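J.: Line by line, the protein sequences give chains P and C. Quick note on this note's numbering: the first sequence kicks off at 35 and runs consecutively. Quick note on this note's numbering: the second sequence kicks off at 39 and runs consecutively.
Derived from the structure by calculation, the hints contain no laboratory data. Just so you know, these numbers come straight off a predicted model, no measurement behind them. Check the hints yourself; a few may be wrong.
As the list claims (entries may be wrong) - Simulated crosslink set (DSS-like; lysine-lysine; CA at most 30 angstroms straight-line):
hint, chain 1, residue 1, chain 2, residue 2
1, P, Lys44, C, Lys62
2, C, Lys117, P, Lys43
3, P, Lys43, C, Lys62
4, P, Lys109, C, Lys110
5, C, Lys62, P, Lys109
6, C, Lys50, P, Lys43
7, C, Lys292, P, Lys109
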Amino acid sequence: MSGTVNRVKKVVAEVLEISEIQIEVSSEFVGDLGADSMQSIELVAGFEEEFDIEMDEDDALGVQNVQDAVTFIEKYL
Amino acid sequence: MTLIENIMNSAKESPARIVYPEGKDERIIEAASNAYTLGIAKPILIGDEDEIKQIASEKGLSLTGIIIQSNKEKSFIEKYAVSYSKTRGVREAIAKRLVKKPLPFAGMMVKEGDADGMVAGVTSATASVIQAASLTIGFKEGMSTPSSFFIMVLPNFQGEINKTLIFADAAVNVQPNAKELAEIAVFSGINAKALINLEPKIAFLSFSTNGSASHKDADKVIEALKIAKEMNTGFEMDGEMQVDTAIVPRVAVKKMPDSKVAGKANVLVFPNLDAGNIGYKLVQYLSGAQAIGPVLQGFAKPVNDMSRGASVDDLISVTAITSVQAQGNN
């Protein structure tokens, strides 16, 4: 779990071009981390690359915060 | 001749290459097959060739004239990932993951000139279609947001048979600000003219007419009209006005006697999505009007979103619309 969290934070930091220190498990991508609402698919592509998984495009729209992403990714691992 | 028949005839003059990212959906295959036969588009289906061929054969559908493009083909993925990475500033490895998904793949085909327009949404959420198109195709110059309009054909409006009105935005922007509302109005006018040869008379709708009520929501509409006028389109536009003032000459004469739009408006710009969406559905169901759309606008190249319940006929109509939009783009 904590390994996944750290890797998710790393991807979020890279895609949104922010520091990992700013990212909490509860952080909302749009509300807290400055993502624009169009970027969820870029985050998903980043998660796919990091974890070598394939996620569904529509399901990815539901991934709104770091915890959602961790829960979602762990279904694929 | 119906409005759609007119649009189909325009599409036939120079059929555009329309890409369908949901290429294995049966309705899409049938619509693409018919679109080619009718001569309104040169269809491109995204997906696995064997799978699409098998579905077509099971359903007895012809694939003549249809290109099947795999979104797994490496040369395309490489090319699109380089382009995407450059535009959006994401690492190429991430871009590769992204562009091989059907919606962004189709969007990149349009962006890179391998297709002229895209029709999607029969198996994807509207938000996914808009997101993919925004990230790949991007927006038309001067537009900050995508928006939409419906072409409403009323069977009988005050004695006028098949009265055509444009309703915007009734599907995309929940709470547009003044600038966004101005863009929605202007681009709805431009597209109505290009698509159905309508000389736009644009009404900015409100619950207030010409200052009859004082409220920040009415102020937003007044500000939007001001911004739209500064865009120098040459279109007749006026507001803020109530919808009866916009479309009923008898009311217009009393409430805005000097307006060139009131009583004659044919492009109705709603202040927000509550009003627009409720408005178009009321007209559709209470008057038996045909609602064609939503036609998306604001993207650098044409993209249209279908509802998941779309029929083959709906798909053919929207393909024709997209084809005509693409002609305007070229």
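J.: For each hint, tell me whether it holds in the structure or not.
T.: Against the structure, the hints come out as follows:
Taking the CA atoms of lysine 44/P and lysine 62/C, the gap is near 36 angstroms; set against the 30 angstroms cutoff, the hint is violated. Only pairs whose Cα atoms come within 30 angstroms are accepted, and lysine 117/C paired with lysine 43/P is accepted, the gap being roughly 29 angstroms. Taken as a hint, the lysine 43/P and lysine 62/C pair is broken in the structure, with Cα atoms around 36 angstroms apart against an allowance of 30 angstroms. For the hint linking lysine 109/P to lysine 110/C, the alpha-carbon distance of about 24 angstroms falls within 30 angstroms, and the restraint holds.
Proximity of lysine 62/C to lysine 109/P is assessed by CA-CA distance (about 26 angstroms); at most 30 angstroms being required, the pair is judged to hold. Pair hint lysine 50/C plus lysine 43/P does not hold up; C-alpha atoms about 51 angstroms apart against a cutoff of 30 angstroms. A distance of roughly 64 angstroms separates the Cα atoms of lysine 292/C and lysine 109/P; the hinted pair therefore is violated under the 30 angstroms criterion.
Violated hints, listed in ascending order, are 1, 3, 6, 7; each of the other numbered hints is respected by the structure.
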